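> Make one complex out of these two single chains by using the hints.
Protein sequences appear in the order of chains A and B.
Residue numbers for the first sequence follow my numbering, beginning at 1 and rising by one.
Residue numbers for the second sequence follow my numbering, beginning at 114 and rising by one.
Bear in mind the hints are in silico, worked out from the structure with no lab data behind them.
Bear in mind that the values here come from a model prediction, so they are computed numbers and not experimental data.
All C-beta atoms in this analysis are idealised placements derived from N, C-alpha and C, irrespective of residue type, glycine included.
Heads up, a few of these hints could be off.
What the hints assert, rightly or not - Simulated DEER-style distance windows between Cβ atoms:
(1) A:P113 with B:E191: 39 to 47 Å
(2) B:R177 with A:R61: 38 to 46 Å
(3) A:Q3 with B:L209: 21 to 29 Å
(4) B:R135 with A:S69: 42 to 50 Å
(5) A:K42 with B:T126: 16 to 24 Å
(6) A:E59 with B:P183: 34 to 42 Å
(7) A:D79 with B:N164: 38 to 46 Å
(8) B:L152 with A:Q3: 16 to 24 Å
(9) B:E169 with A:F39: 23 to 31 Å
(10) B:G185 with A:I112: 42 to 50 Å
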Amino acid sequence: QQQVKQSPQSLIVQKGGIPIINCAYENTAFDYFPWYQQFPGKGPALLIAIRPDVSEKKEGRFTISFNKSAKQFSLHIMDSQPGDSATYFCAARNSGGYQKVTFGTGTKLQVIP
Amino acid sequence: DTGVSQNPRHKITKRGQNVTFRCDPISEHNRLYWYRQTLGQGPEFLTYFQNEAQLEKSRLLSDRFSAERPKGSFSTLEIQRTEQGDSAMYLCASSLMALRTTGTQYFGPGTRLLVL
Numbered sequence: 001q002q003q004v005k006q007s008p009q010s011l012i013v014q015k016g017g018i019p020i021i022n023c024a025y026e027n028t029a030f031d032y033f034p035w036y037q038q039f040p041g042k043g044p045a046l047l048i049a050i051r052p053d054v055s056e057k058k059e060g061r062f063t064i065s066f067n068k069s070a071k072q073f074s075l076h077i078m079d080s081q082p083g084d085s086a087t088y089f090c091a092a093r094n095s096g097g098y099q100k101v102t103f104g105t106g107t108k109l110q111v112i113p
Numbered sequence: 114d115t116g117v118s119q120n121p122r123h124k125i126t127k128r129g130q131n132v133t134f135r136c137d138p139i140s141e142h143n144r145l146y147w148y149r150q151t152l153g154q155g156p157e158f159l160t161y162f163q164n165e166a167q168l169e170k171s172r173l174l175s176d177r178f179s180a181e182r183p184k185g186s187f188s189t190l191e192i193q194r195t196e197q198g199d200s201a202m203y204l205c206a207s208s209l210m211a212l213r214t215t216g217t218q219y220f221g222p223g224t225r226l227l228v229l
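Chain B with its partners taken away, still in its complex shape (with noise of 0.2 Å):
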């Protein structure tokens, strides 16, 4: 399969734990995304990865949160001492930017954190 993965696909933790989640994006694409979607709402942007760059980070994304991708491929989004706020489903999407491509993005499945 030649799509973007994410794992784990669900993670339920405790306040104050620390969570982190991994996203494998398809092999050629050259940028990645990091997205917040909470219930009945549409995915918000929190970062964005151009190879392994971190290039823009949305006012969303505390202090509490990171977001690495080495080698610019697989990317992880660790959040420290999590809050029952952060409990959403967070979304990655990869694409490929060059001549005579859209761009457009591609998602995987989510991982979906409940933090009691």
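Looking at chain A on its own, in the form it has when it is part of the complex (with noise of 0.2 Å):
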């Protein structure tokens, strides 16, 4: 059972454009989303995270948005560059136990010159 669920699977869009990705989650029990940023053959590294009791997080050029009555959250990436082609995971935490880390399956973003 997927308990994240990642749209698109893939995105293209032009320098300067405003991707836009997007995640839903089941669980209630999930307390932390995470983005993370994988090239390729390297290990995902965190980008931006969030807690459900906010709206909006910004930090630099990316910005989650955070709808929690919806069981949804976004990831806006502003001015996008050609160096932010990569894939993108969203990711929701469970809040109990060891903290299990749920992934998304992936958004692969090219940002075109």
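Printed below as a string of structure tokens:
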């Protein structure tokens, strides 16, 4: 059972555009929602994260929007650059136990010059 | 460098051979995780250590897989009698669980395994 659904699977935008990646979850026990960026052949790197009591968080050109009632959250990349071309994973962490992190299936972003 | 390190970065082996991977977490982190990632998918949880204790194992972790974290420092993941289906990227992550910390997991670069 996929607990974190991510879309789209791939995305192509022009430089300066604002790609938006969406995620939805079902488990109300999730208490922390990180986004990871992964380049080919590398491990995922933490990009930005949000807790469900916050509706929006900005760090540089990256913004997370969070809708707790709809159980949805999204990543916006402002003024996208070719160097942002990577695969992005949303994730959700359980509040209890060992705080298991469940990942979405990833979005491959290509920013063309 | 204070990040998570993994060795080797790449491993090619023949079916039936045993392989062992090593992970060195961020030094003050008390939690260590192993994940497996196949092409086009997100990382899937395999197992988790709190200090030296292995507290959780996924159903993905068959009897051929074993992980250790002696003395709560580095960890090893061994796969016995490898199968072609074991070909994947094996990722290690670590986190610090303490008061006023987020417990964010930080990933290493991974070990890419190819079983021929």
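> Each of the hints needs a verdict: does it hold here or not?
To see whether the hints hold, each was checked on the structure:
1. A:P113 with B:E191: 39 to 47 Å: 45 Å Cβ-Cβ, so the 39 to 47 Å window holds.
2. B:R177 with A:R61: 38 to 46 Å: holds, 44 Å
3. A:Q3 with B:L209: 21 to 29 Å: For B:L209 against A:Q3, whose Cβ atoms are near 25 Å apart, the range 21 to 29 Å holds.
4. B:R135 with A:S69: 42 to 50 Å: holds, 45 Å
5. A:K42 with B:T126: 16 to 24 Å: holds, 22 Å
6. A:E59 with B:P183: 34 to 42 Å: Roughly 37 Å apart at Cβ, these two residues keep to the hinted range, so it holds.
7. A:D79 with B:N164: 38 to 46 Å: holds, 43 Å
8. B:L152 with A:Q3: 16 to 24 Å: Given range 16 to 24 Å: holds, Cβ gap about 21 Å.
9. B:E169 with A:F39: 23 to 31 Å: Given a distance of about 29 Å, which is inside 23 to 31 Å, the answer is holds.
10. B:G185 with A:I112: 42 to 50 Å: With a Cβ separation near 47 Å, B:G185 and A:I112 satisfy 42 to 50 Å, so the hint holds.
Violation of the numbered hints given earlier is absent; every hint is satisfied by the structure.
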